[in-house]
Amino acid sequence: MASIAGKKSALTWAVHISVALLVLLWLFPTIGLFVSSFRTADQISSSGWWASLFPAEQNEVYRAADPDDNRVADGDMFVVKGNIFEGDPRDIRSWGVSSRNVSAYQPGETAEMKDGESVTLQADGSYVWRGNDKQLSGRGQRIFITATVPPEFTLGNYTTILFSGSGQDNMAKAFFNTLTVTIPATIIPIVVAAFAAYALAWMEFPGRALLIAAVVGFLVVPLQLALIPLLRLHLGIGIGKGYLGVWLAHTAFGMPLAVYLLRNYMVGLPRDIIENAKVDGATDFQIFTRIILPLSFPALASFAIFQFLWTWNDLLVAKVFLIDATGSTTVMTNQIVELLGTRGGNWEILATAAFVSIAVPLAVFFAMQRYLVRGLLAGSVK
Amino acid sequence: MFSNNSALYGLTVIVIGVGGCLGYFFLSNLFLDKVLFPASGPNAGRNINRANMIRPWLFLFPALFALVVYLAYPVFETLRLSFTDRDQGGAFVGLANYRQMMDEPKFWEAVQNNMLWLIVVPAISTAFGLLVAQLTDRIRWGNLAKSLIFMPMAISFVGASVIFKLIYDTRPEEQNQIGILNAIWLKLDGGIGSILMLQVLPSILLIGFVVIVASVAWSFVRGIIAKGEDKSVWLLPLRLLVAGGALWLIWVSISSLLGLWIGGLPYGEAQTWLTIPLWNNFFLMVVLIWIQTGFAMVILSAALRGIPEETVEAAIIDGANPFQIFFKIKVPQIMGTIVVVWTTITLTVLKVFDIVFAMTNGQWETQVLANYMYDKLFRANDWGIGSASAIVIMLLVTPILVWNVYNARKEMK
Numbered sequence: 001m002a003s004i005a006g007k008k009s010a011l012t013w014a015v016h017i018s019v020a021l022l023v024l025l026w027l028f029p030t031i032g033l034f035v036s037s038f039r040t041a042d043q044i045s046s047s048g049w050w051a052s053l054f055p056a057e058q059n060e061v062y063r064a065a066d067p068d069d070n071r072v073a074d075g076d077m078f079v080v081k082g083n084i085f086e087g088d089p090r091d092i093r094s095w096g097v098s099s100r101n102v103s104a105y106q107p108g109e110t111a112e113m114k115d116g117e118s119v120t121l122q123a124d125g126s127y128v129w130r131g132n133d134k135q136l137s138g139r140g141q142r143i144f145i146t147a148t149v150p151p152e153f154t155l156g157n158y159t160t161i162l163f164s165g166s167g168q169d170n171m172a173k174a175f176f177n178t179l180t181v182t183i184p185a186t187i188i189p190i191v192v193a194a195f196a197a198y199a200l201a202w203m204e205f206p207g208r209a210l211l212i213a214a215v216v217g218f219l220v221v222p223l224q225l226a227l228i229p230l231l232r233l234h235l236g237i238g239i240g241k242g243y244l245g246v247w248l249a250h251t252a253f254g255m256p257l258a259v260y261l262l263r264n265y266m267v268g269l270p271r272d273i274i275e276n277a278k279v280d281g282a283t284d285f286q287i288f289t290r291i292i293l294p295l296s297f298p299a300l301a302s303f304a305i306f307q308f309l310w311t312w313n314d315l316l317v318a319k320v321f322l323i324d325a326t327g328s329t330t331v332m333t334n335q336i337v338e339l340l341g342t343r344g345g346n347w348e349i350l351a352t353a354a355f356v357s358i359a360v361p362l363a364v365f366f367a368m369q370r371y372l373v374r375g376l377l378a379g380s381v382k
Numbered sequence: 001m002f003s004n005n006s007a008l009y010g011l012t013v014i015v016i017g018v019g020g021c022l023g024y025f026f027l028s029n030l031f032l033d034k035v036l037f038p039a040s041g042p043n044a045g046r047n048i049n050r051a052n053m054i055r056p057w058l059f060l061f062p063a064l065f066a067l068v069v070y071l072a073y074p075v076f077e078t079l080r081l082s083f084t085d086r087d088q089g090g091a092f093v094g095l096a097n098y099r100q101m102m103d104e105p106k107f108w109e110a111v112q113n114n115m116l117w118l119i120v121v122p123a124i125s126t127a128f129g130l131l132v133a134q135l136t137d138r139i140r141w142g143n144l145a146k147s148l149i150f151m152p153m154a155i156s157f158v159g160a161s162v163i164f165k166l167i168y169d170t171r172p173e174e175q176n177q178i179g180i181l182n183a184i185w186l187k188l189d190g191g192i193g194s195i196l197m198l199q200v201l202p203s204i205l206l207i208g209f210v211v212i213v214a215s216v217a218w219s220f221v222r223g224i225i226a227k228g229e230d231k232s233v234w235l236l237p238l239r240l241l242v243a244g245g246a247l248w249l250i251w252v253s254i255s256s257l258l259g260l261w262i263g264g265l266p267y268g269e270a271q272t273w274l275t276i277p278l279w280n281n282f283f284l285m286v287v288l289i290w291i292q293t294g295f296a297m298v299i300l301s302a303a304l305r306g307i308p309e310e311t312v313e314a315a316i317i318d319g320a321n322p323f324q325i326f327f328k329i330k331v332p333q334i335m336g337t338i339v340v341v342w343t344t345i346t347l348t349v350l351k352v353f354d355i356v357f358a359m360t361n362g363q364w365e366t367q368v369l370a371n372y373m374y375d376k377l378f379r380a381n382d383w384g385i386g387s388a389s390a391i392v393i394m395l396l397v398t399p400i401l402v403w404n405v406y407n408a409r410k411e412m413k
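Heads up: the sequence lines are chains A and B, in that order.
Numbering of the first sequence is given in this note's numbering, commencing with residue 1 and proceeding in unit increments.
Numbering of the second sequence is given in this note's numbering, commencing with residue 1 and proceeding in unit increments.
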């Protein structure tokens, strides 16, 4: 028995470790984006985000003070003294005076240059630059340092994205546009689908089975087919591109799943309740609003989450039915794609913008995960 | 007047929309019961029956209207548009659009890539989902692990594209690499570890893949030659199709296998991952796999929970090891669910647009059908070819559609 028990615990350990590895692997990309959104542009481009969690070596370049204004005579030479860090000290590892050898000297050493010119840099950043009249003129001597900087994070990117940024960098408008698209496009299909689902679940009429089969078929019709005819239709009847068009489109595209989920749920409600209510003289409308709707809350919540995630994260429908040439109704996904094109290298903007758009669905996800799982289980056609 | 305050506009619409819906349902029912067929007077009984015949359609009308106008009509209209030419004022041009599309190398590139996506993404997502579902089934923090792996489901394809672009980022040679993939790549030096990881391991995987594809294809093709098999006419094209697809897949695998060993790997150079043909498709697929694994896991996890304990216990008593229990007892019992997960992910793959659009926009041979269609529609402004490519997507979806409807009807009976 002992050997079997031992084997089992080894296997359990293997399971724990492999699950931990998988979870880490799955989290790693998102964490990368999250961490990057709290770093400045310089930090992002000088090191990988994983390095930002530890103190990092960073190369920086400073310039000694303007010699024409600050030099003092010292015998037949001149001297400029000062501190390269103006109130923002660094931990200097090494330094240099030429871009070809940026770490030639240790703090406290003196760099001897041509014809008696020299620079001494202390660990605290104070320097002494000595040279003759000709050498100490024009612009200040460049000083390259390699410093270790502690992990440092900033909320500056979020301020830029949400409040102070200009033009494309400001997501505030797109954020509200996305909300404007999402909320009606989530609520209206629920109301419409709930009535239809009730009819398909509890009312007798010819053609019911056929309709249910049609709904199942519509579940898988690709959106791509609807784009051209509907855009023509919208332009033809004067809706054009705008919120109304995108609400209608989202309402209709969400309809098959809504009807399917809600009908499957309502069919499972106990028949007695409904028949008792009918005997007591309740109309179908009353049964629906007073009994069915409250009882169907879990299914309604499931669909609401689906539709919310889908409309919030959507790019294609918004691009086709909403965003016109002026771009004033742009949504966040679209703005991020545009940022990817124009500011592909500015990760501080991109990461923050992406995280702002991801944050809301993630919050909804973690708050209402139970309903999402329930909806998924009911919604995948068996 | 609302244009400068879209939030207020939205709020108004919610009130009007929801109020309008409820008002419609309430008033139309009222109208039916009180005015059209009042449940009183001489014909009360007949009126109640008539009202009850009409009422379902009142309840159904808005939903049906949406389904017909926004989903049914477009299918036929797209089909019609695919036979017309916009430049000739919408004149009927027969199959000219399809012919022109077939002549475009970009279309065939999209079809090929879509085939790769269709095989790789559902397979790997389902496999990973099953693996995680099984591993987390019995451990105490399993639910936490599952919800973390499930999390990418909430992230938009666009957001995920940004996340993975950061991973694939490339910096010039002299700078620090900030993309993790290049950072790891530069740590590899062509030593024995690298060869094992990047040449031997992928080769084994590829050879395994070729063997699986070949055996699946053989089981289909054998029917043509073997005696006693179903030789009905409609099976023949299916068999030839599978055989052709399998030959193509085997060819792709073997040529990339040879490339792996002959070309040698460019160690020590930062790579622009998204511009390497063929491989960049896989880098894009990773994004979708990352998102869809959580979905597969949730469904399969519920299915695993639903397996009767007795079957597993009986297997343990018979001395089966954990792997045998998993592959011989559990997997066969949830095969139906695996098929459902597979087809659902297949549908997602067929419609994948955002990821390709945001990451490469179909450049460097990464085009897929959905993005090709968008390209034709809104960049080339060619409704004819755009519709034709949409119809191709619809044709690919149709088998799943038929299968789903068939199953749903069977279940209802």
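These are calculated hints, taken from the structure and not from any lab test.
Glycine is no exception: its CB is placed at the ideal position from the N, C-alpha and C atoms.
Honestly, I wouldn't trust all of these hints.
Claimed, not checked - Which stretches of chain A does chain B cover? Using the computed rule of at least three CB atoms under 8 Å from a CB of chain B, they are:
no., stretch
1, 21 to 30
2, 102 to 110
3, 307 to 321
(request) Apply the coverage criterion to the stretch 21 to 30 of chain A and chain B: a residue qualifies when its Cβ sits closer than 8 Å to a Cβ of the chain, and three qualifying residues are needed. (result) holds (count 7)
(message) Taking 8 Å as the Cβ threshold, is the statement that the stretch 102 to 110 of chain A is covered by chain B upheld or broken by the three-residue rule?
(response) violated (count 0)
(request) Tell me if chain B covers the stretch 307 to 321 of chain A under the three-residue, 8 Å CB rule, please? (result) Check passed, 8 qualifying residues.
Checked against the numbered hints above, the structure violates only hint 2.
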